[in-house]
Amino acid sequence: MSEKFKVGPSPHILGARSTSSIMWDVVISLIPVSLVAILYFGISAVTILITSTLTAMILEALVLYKSLKPAYIIGDGSAAVTGLLVGLILPPSAPIWLVMIASATAILLAKHAFGGIGNNIFNPALVARAVVFMAWASFMTRWHAPLELGNWFTTFTDVTTSATPLGGAEHTLLDTFIGNIGGSLGETSALAILLGGIYLYLKGHIDWRIPGGYIGTAAIFALVTNQFSWETMIFQLTAGGLLFAAVFMATDMVTSPTTKRGRIIFGIGCGFITMFIRQFASAPEGVTYAVLFMNALVPLIDRYTVPRTFGEVKH
Amino acid sequence: MIYLKTTFPGGIHPAYNKDLTADKPIVDMPLPKQVRLLFRQHIGAPCKPLVAKGDEVSVGQKIADTDAFVAAPIIASVSGKVTAVDQEAVTIETDAESSAYQGEPKEYGSPEELRQLIREAGIVGLGGATFPTHVKLSPPEGKEVETLILNGAECEPFLTTDHRVMVEKGEELIQGIKLLMYACGAESAIIGIEDNKPDAIENLTQLTQDIDNIRVAAVPVVYPQGGERQLINSLTGREVPVGGLPLDVGIVVSNVATAVAVHQAINLGQPLIDRVVTVSGRGIDQPANVRVRMGTSIADLVEFCGGMTEDAAKVVNGGPMMGKAVSDIDVPVTKGTSGILVFTEPEVRIYEEKTCIRCARCVDACPQRLMPNYLALYVRKAMYDDAEKIHLFNCIECGCCSYVCPARIPLAHYMQVGKNEINSRRRK
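Quick mapping for you: the protein sequence lines, in order, are chains A and B.
Under the numbering used here, think of the first position of the first sequence as 1, with each following residue one higher.
Under the numbering used here, think of the first position of the second sequence as 316, with each following residue one higher.
One thing to keep in mind: the hints can contain errors.
Claimed, not checked - Pairs of lysine to any residue residues, derived as SDA-like cross-links and limited to a Cα-Cα distance of at most 20 Å, are as follows:
| id | chain 1 | residue 1 | chain 2 | residue 2 |
| --- | --- | --- | --- | --- |
| 1 | A | Lys6 | B | Gly622 |
| 2 | B | Lys669 | A | Arg261 |
| 3 | B | Lys704 | A | Arg261 |
| 4 | B | Lys704 | A | Phe272 |
| 5 | B | Lys669 | A | Ile121 |
| 6 | A | Lys6 | B | Ala640 |
| 7 | B | Lys696 | A | Arg303 |
| 8 | A | Lys203 | B | Arg723 |
| 9 | A | Lys4 | B | Lys704 |
| 10 | B | Lys704 | A | Ile301 |
These aren't lab readings, by the way, just hints derived from the structure by calculation.
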């Protein structure tokens, strides 16, 4: 019998999940925060998110395939994730040109200059935020209180600026939970962030160790430095971008460790540095630099946390 | 009967598809017109022929052997005339009339004599690894065997040969266990069975009720529960040291079919002339568990099972996780052939390898707690020293890493390539 059979290396059955399906799952997990952003910040949120996401997807298609075919723009979903994250960490009054520059920085500088998917050391969305924050600080620190429900077509150049809770604005704990506070688009609602996080956890895309280490360390730091006040601790956890970063940024697979122990160390480091910057440095927000700093340490962390292999006798 | 929990790290839960053949009793295939017995059917040195073209041989006769210690002889599985002897094999044209085997029980005194008889019967591990059994049962100086473990896990999807053997040949299995225990000096035996085989567990539990030193232990279904290091860990909590053997922790592991073969060889005088093969998959017309003479062509075996379906596209020798895809089915069944699986066109997907996204699913799935992501990277970049440093050689090539990788990187394959490359560099 000389029929032609297909051959290939074992295993001959594979699990179902692909890189694309993981990426689109992350996009789905960002829907709650995106909806809250649109709810509280109206038309500006819509334009920012669409611009940031599309800019990222189009630039990646051009860089990878030199083509604008829809299949390439959709790609494997990773550009969509990066683009959406970039939009979610910008303030609602960010001008469109700023949004496009941020997206371009994330995709071109932070991702493809390093070698494309899987090869970047730093979280692309956070690199974009760091760059834009330095170059156009005035645009990046202009915060606004959420719109009154219904006033969705108000743009923010008309409304006066106000402070965020970290900057001293009035708010209740419930406000921080549901998102009725100022801040960047994605970081206002703790509830929406947690919903996204639970979805990712149930799908098996994030390891509890990173957000656990991050939030746990931040909580302990807050307690210890504030005479064990629980209200202050909860405030510190829900204000600013800490929860958003712990769930969506620090957990980025490419830029976090691959060992279990490494992930705990990474989470703790992010939490500690975030709180340290908040408490003792002049910047109001420590998340961006904390995660970027820990990103740089990932190869070292992986090297020193190689697990004890089965049957290894450690001396 | 005790129920134990899995303690080894990682593992996967693939679709098992055992229902295709799990309830099908073993059927005997009619004698083939000819058999082709390979010289290389075991780990160790290949055998050299003892017969020549034109010779008449009888079933059960030794037709190839070697002096090397780690080897087992090849036994004629049918009576007939030798029609060819080439580099790889002896081909025998079957004389159906005289190929039924009749034997006498064998006498033995010391464990060493028993081990010699096991060797002469040509018995090797029938779980697929084909390690010569008499060598496995000979502990070197200074090492003692405490426990004999019988591997009835059968963790690969589709395969049900061990399952049927445990259900239908339970008494023979117990007899085989007693022989094995005497041969290696073990004081007790545990039969480890995955709990997706309740009928086998029940049958063997009943048969061992009144035997103090043979126990049945049910373990959870997870691949690769049947990997020897993993099974030892699940059943006893011990970890075989890196680079070591189960003997280092006082254990010998034997497949259940091997134990039955030992019983047949000693108590019935029948050497290893046949084995049970699961022929399964959606590309086979009538999946079955077939007892087939060694050396039968796979093509004949497939035909016995109704032939392949129109859309058959891939044939695998062994299980889907570790078996080898074959390009030509005019090859014989050997001592290590536990299954022949036929996959259909829609089931066979060739994936393009993408970039690693460092999701670490492979690290989480590895039952040896390795880091396949870095190992494959090092192999690809020819950084072999770095690969060895993170224990490349502790890989059991189970395929869990490749199975879970979303980027469809053939990680297990990279491990094999890396090991081969390092070994061939060493040999230079």
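Results of checking the hints against the structure:
| no. | hint | in the structure |
| --- | --- | --- |
| 1 | A:Lys6 x B:Gly622 | 17 Å, holds |
| 2 | B:Lys669 x A:Arg261 | 27 Å, violated |
| 3 | B:Lys704 x A:Arg261 | 19 Å, holds |
| 4 | B:Lys704 x A:Phe272 | 32 Å, violated |
| 5 | B:Lys669 x A:Ile121 | 18 Å, holds |
| 6 | A:Lys6 x B:Ala640 | 8 Å, holds |
| 7 | B:Lys696 x A:Arg303 | 17 Å, holds |
| 8 | A:Lys203 x B:Arg723 | 19 Å, holds |
| 9 | A:Lys4 x B:Lys704 | 41 Å, violated |
| 10 | B:Lys704 x A:Ile301 | 17 Å, holds |
Consistency note: the structure conflicts with the earlier hints numbered 2, 4 and 9.
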